[in-house]
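Peer 1: Each chain is listed here by its residues.
There are 2 protein chains.
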Amino acid sequence: MKENKATNIVWHEGHVGRDERQRLLGQRGVLVWLTGLPSSGKSTIAFTVEHALMARGRLAYVLDGDNIRHGLNSNLGFSAADRTENIRRIGEVGKLFADAGLITLSSFVSPYRQDRDAVRELMGAGEFVEVFIDTPLELCEQRDPKGMYAKARAGQIADFTGISAPYEAPARPELAVRTAECTVEESAKHIITYLEQQGRLAMG
Amino acid sequence: MKENKATNIVWHEGHVGRDERQRLLGQRGVLVWLTGLPSSGKSTIAFTVEHALMARGRLAYVLDGDNIRHGLNSNLGFSAADRTENIRRIGEVGKLFADAGLITLSSFVSPYRQDRDAVRELMGAGEFVEVFIDTPLELCEQRDPKGMYAKARAGQIADFTGISAPYEAPARPELAVRTAECTVEESAKHIITYLEQQGRLAMG
Numbered sequence: 033m034k035e036n037k038a039t040n041i042v043w044h045e046g047h048v049g050r051d052e053r054q055r056l057l058g059q060r061g062v063l064v065w066l067t068g069l070p071s072s073g074k075s076t077i078a079f080t081v082e083h084a085l086m087a088r089g090r091l092a093y094v095l096d097g098d099n100i101r102h103g104l105n106s107n108l109g110f111s112a113a114d115r116t117e118n119i120r121r122i123g124e125v126g127k128l129f130a131d132a133g134l135i136t137l138s139s140f141v142s143p144y145r146q147d148r149d150a151v152r153e154l155m156g157a158g159e160f161v162e163v164f165i166d167t168p169l170e171l172c173e174q175r176d177p178k179g180m181y182a183k184a185r186a187g188q189i190a191d192f193t194g195i196s197a198p199y200e201a202p203a204r205p206e207l208a209v210r211t212a213e214c215t216v217e218e219s220a221k222h223i224i225t226y227l228e229q230q231g232r233l234a235m236g
Numbered sequence: 033m034k035e036n037k038a039t040n041i042v043w044h045e046g047h048v049g050r051d052e053r054q055r056l057l058g059q060r061g062v063l064v065w066l067t068g069l070p071s072s073g074k075s076t077i078a079f080t081v082e083h084a085l086m087a088r089g090r091l092a093y094v095l096d097g098d099n100i101r102h103g104l105n106s107n108l109g110f111s112a113a114d115r116t117e118n119i120r121r122i123g124e125v126g127k128l129f130a131d132a133g134l135i136t137l138s139s140f141v142s143p144y145r146q147d148r149d150a151v152r153e154l155m156g157a158g159e160f161v162e163v164f165i166d167t168p169l170e171l172c173e174q175r176d177p178k179g180m181y182a183k184a185r186a187g188q189i190a191d192f193t194g195i196s197a198p199y200e201a202p203a204r205p206e207l208a209v210r211t212a213e214c215t216v217e218e219s220a221k222h223i224i225t226y227l228e229q230q231g232r233l234a235m236g
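Going down the list, the sequences are from chains L and Z.
This note's numbering applies: residue 33 is where the first sequence begins, and numbers increase by one.
This note's numbering applies: residue 33 is where the second sequence begins, and numbers increase by one.
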């Protein structure tokens with residue numbers, strides 16, 4: 033390329049630092065990882081947090097089955113290896129989003145402790161917030177908005193988490209939300225308060 | 033979950049709309065896809081655009097080999113199928129980033145027209161900006177900062193784009209940047225001006 037001609041603009045060629053993006057946004061990037069049984073309330077809570085943060089002028093984004101399973105992970109099935117790869121890719125995308133400065137929320141059953149811990153390993157200190165959406169199986173099964181538990185009980189769906197496949201609850205999550213004892217709004221507030229206390233919603 | 037008790041906060045449970053995020057950021061999400069020979073200048077130009085946008089208070093993020101090949105795509109090699117899957121995943125991540133409202137720049141050789149067109153298909157109208165970094169092979173080979181062309185010529189690297197593997201130039205890119213005829217800064221300005229004219233750097 034030709035030599036740079038003098039201009040009144042300062043041009044930089046290297047990466048923009050994460051701090052610069054965070055200062056622009058007035059927040060610190062983070063991956064809030066919601067895990068829990070099917071129909072435990074993960075997505076409802078994630079979207080509620082997203083709305084509340086946006087109302088405060090903070091940039092948030094939810095990764096969930098809708099935008100991941102039909103896109104990035106559309107070539108994965110439900111074998112053990114594919115489930116692990118599913119969570120691995122979501123973790124890597126979450127890492128990129130956090131690096132870009134976003135308050136990133138992921139909403140996936142993610143039943144295996146090992147897979148979730150592998151995502152934690154990817155992230156820097158304080159950047160991974162594991163939130164256990166702790167809803168009793170009975171309650172999830174009562175809700176069952178898509179009739180999945182009924183089908184699993186009837187043997188029409190194999191390897192359904194909570195019925196015919198294991199769910200490994202987090203041993204030491206950053207947060208546990210008992211949805212039998214609080215509203216969606218209270219659950220969302222719990223998460224937002226944690227992020228606030230950890231300094232993720234401000235910068236400088 | 034318990035019934036929502038009256039509060040003074042309006043809680044929403046559905047997805048935050050893309051428009052809301054775009055209004056917050058004052059910009060429209062887009063995927064700027066830089067393609068060109070190895071050492072053609074893609075990453076240098078992408079980072080220069082990123083810096084200039086950030087200086088204007090616009091949120092930009094670069095996807096490149098450094099943050100993708102060692103992370104999301106670390107389990108892919110260089111077979112034909114893996115190259116296609118590599119570009120597919122980058123496209124899907126770019127789609128998520130654009131949906132989140134970011135001015136997203138991707139910097140990959142991406143030598144096959146079919147793979148790039150598949151990414152274009154993923155995106156909405158105006159959201160995919162293909163930028164052909166049009167640098168003559170001789171010039172790329174002269175630069176060769178990592179000595180890759182020399183190794184490819186010596187037969188030490190197989191299937192090296194431009195030497196022993198094809199590069200399919202875009203037929204109708206949104207932009208073509210001839211780096212033999214302009215500086216890095218001029219190339220970056222060219223891209224920024226295009227984004228400005230297309231209304232991606234403002235909202236409302």
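Simulated from the structure, these hints should not be mistaken for laboratory data.
Any given hint might turn out to be false.
As the list makes no split between identical chains, a pair holds if one copy fits it or if it spans any two.
[Unchecked claim] Pairs of lysine to any residue residues, derived as SDA-like cross-links and limited to a Cα-Cα distance of at most 25 angstroms, are as follows: (1) Lys221 <-> Thr116; (2) Lys183 <-> Thr225; (3) Lys183 <-> Asp51; (4) Lys221 <-> Ser196; (5) Lys183 <-> Ala113; (6) Lys183 <-> Asp114.
Since the model is a prediction, treat every value here as computed from it, not as a measurement.
Peer 1: Each hint: holds or not?
Peer 2: Hint by hint, here is what the structure shows:
Proximity of Lys221 to Thr116 under the C-alpha cut-off of 25 angstroms is found in neither arrangement, the shortest distances being 31 angstroms within a copy and 43 angstroms between copies. Taking the shortest alpha-carbon separations for Lys183 and Thr225, neither the intra-copy value of 38 angstroms nor the inter-copy value of 55 angstroms comes in at or below 25 angstroms. When the C-alpha separation of Lys183 and Asp51 is checked against a cutoff of 25 angstroms, the pair qualifies neither within a copy, at 48 angstroms, nor between copies, at 37 angstroms. Neither within a single protomer nor between protomers do Lys221 and Ser196 lie at most 25 angstroms apart by alpha-carbon distance, with minima of 33 angstroms and 57 angstroms respectively.
For the homomeric pair Lys183 and Ala113, the shortest alpha-carbon distance inside one copy (24 angstroms) is at most 25 angstroms, but the shortest distance between copies (37 angstroms) is not. Taking the shortest Cα distances, Lys183 and Asp114 sit within 25 angstroms of each other inside one copy (22 angstroms), while across copies they are farther apart (37 angstroms).
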